[in-house]
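*Asks:* Based on the hints, put chain B in the right spot on chain A.
Number of protein chains: 2
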Amino acid sequence: MLVLVGLGLWDEKDLNLKGIEEAKACDIVYLDGYTSKLFGAHKEQLEKAIGKQIQVADRTFIESGEILNYAVTNKVCLLVGGDPLIATTHTDLLLRAREKGINTKIIHNTSIYSAIADTGLQMYKFGKSATVAFWQENFKPTSFYDTIIENKDRGLHTLLFLDIDADQGKYMTANEAIQLLSEIDGAKGLLRGADVVVCCRMGSPSQLIKYGKMEALKNFDFGLPLHILIVPGRLHEMEEKFLAQFKA
Amino acid sequence: MLVLVGLGLWDEKDLNLKGIEEAKACDIVYLDGYTSKLFGAHKEQLEKAIGKQIQVADRTFIESGEILNYAVTNKVCLLVGGDPLIATTHTDLLLRAREKGINTKIIHNTSIYSAIADTGLQMYKFGKSATVAFWQENFKPTSFYDTIIENKDRGLHTLLFLDIDADQGKYMTANEAIQLLSEIDGAKGLLRGADVVVCCRMGSPSQLIKYGKMEALKNFDFGLPLHILIVPGRLHEMEEKFLAQFKA
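Residue numbers (the working numbering), protein chains in the order written: chain A, 1 to 248; chain B, 1 to 248.
Okay, chain A solo, but in the shape it has when bound (with noise of 0.2 Å):
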């Protein structure tokens, strides 16, 4: 059996009754170390919350499918931060364990996706949401930049979530995407003058969330990550005095 227990967004206090109860009745316990980092735990207090010791797996154990050798004959939990299905990853691993007639558990969390609703956003105005990568020598994604446009023209509100390199440790800053999005918009000038919402490590004791000009944003010193980047559509009066409380 497979048990994907969400951790929810900062530490173990985040844990709900029923995935301790999960994963304390499991035989083996990994906590994903690739997709998804909890910043404000390390996996001694996590193992103290559960009762149960912790293996940490990487991103081979997980994506090669070798974790699912172990859920055929055990019951094995995978602590996954956040909501354990909103990465593609886990979606795929619980697809490929029903396949081998492996039975499966998902016990839900807080994701990121409910913590930005601080923002006083409504979350039903939400269009598509993307990602802004790191871009490289020969690779360098603008579909970001689309996505914000066509949510704009609909009056729609845009997040992003900006890119995690795990293996190197580098987490993508509100800065460095604003820098981006002011570069690929360029000449075309769409995006001038735009507000932006910028979210910082939501759900722990030093959140912050900052609303003002990207050109006003882009040297603010955000801190630590996690940062996630939101564009704005068009803005109810409730939303605008609920934004006015962090405004830069």
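Please note: incorrect hints may appear among the correct ones.
Copies of the same chain look alike in the list, so a pair counts if it works inside one copy or between any two.
Unchecked claim - Straight line, CA to CA, 30 Å or less: simulated DSS-like cross-link-like pairs of lysine-lysine:
hint, residue 1, residue 2
1, LYS140, LYS152
2, LYS247, LYS213
3, LYS213, LYS188
4, LYS125, LYS100
5, LYS100, LYS210
6, LYS188, LYS210
7, LYS75, LYS247
8, LYS100, LYS241
In case anyone wonders, no lab produced these hints; they're calculated from the structure.
*Replies:* Relative to chain A, chain B alone:
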């Protein structure tokens, strides 16, 4: 102080450790009995999990802001089904609390936005979401239909919340929503032969997901509420494979 604590999807075991800790530390604990209802737990079970007496708050008590009078001098907790900021009511309450100089705290929890990932549909491919409202003699809203078509044109999925009339204890079924959808589509025929995904009682032991043509699911018995409807956009190969598990 006002502390909004999310209850998650189904029962008292969906509470997270932070939520329990915060509720325990409050002077008065209210349960939102209007915008959200926890189907899997009675007040008594929540009281046991929290170790505190709970009072049920009705619509007027929350929307009039009467609850804030207590939060000026007391530490007041409001328990809300799902995530506490997904409904506009609570965002508004939070804003009014801050305007009165009342300290606020938000403990997030799993929302339906995480739970629908069980369908295998990728979160980033959802467009704007909408609500299917009960039709009345003089008010027959159809804007949710336009949202579906706009999303579909861009290849995006549409999440449709189904109307709740909590005062009357009425919950729109997926069957009623599909019926309305067919009626509005009528001669236009943009959704003729379209597939839908029906999600029932998400996060509960009796959770049910069904995937199929609108026509085929129109008379299917989905059982007790809550139901939610998704009109998928363009499907990736993995999304298709995942949905195949739920074919009606």
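*Asks:* If a hint holds in the structure, say so; if it does not, say that too.
*Replies:* Verification of the hints:
no., hint, result
1, LYS140 with LYS152, "both (22 Å within a copy, 28 Å between copies)"
2, LYS247 with LYS213, "within (9 Å within a copy, 47 Å between copies)"
3, LYS213 with LYS188, "within (17 Å within a copy, 43 Å between copies)"
4, LYS125 with LYS100, "between (39 Å within a copy, 28 Å between copies)"
5, LYS100 with LYS210, "between (47 Å within a copy, 22 Å between copies)"
6, LYS188 with LYS210, "within (25 Å within a copy, 45 Å between copies)"
7, LYS75 with LYS247, "between (49 Å within a copy, 28 Å between copies)"
8, LYS100 with LYS241, "between (52 Å within a copy, 14 Å between copies)"
Violation of the numbered hints given earlier is absent; every hint is satisfied by the structure.
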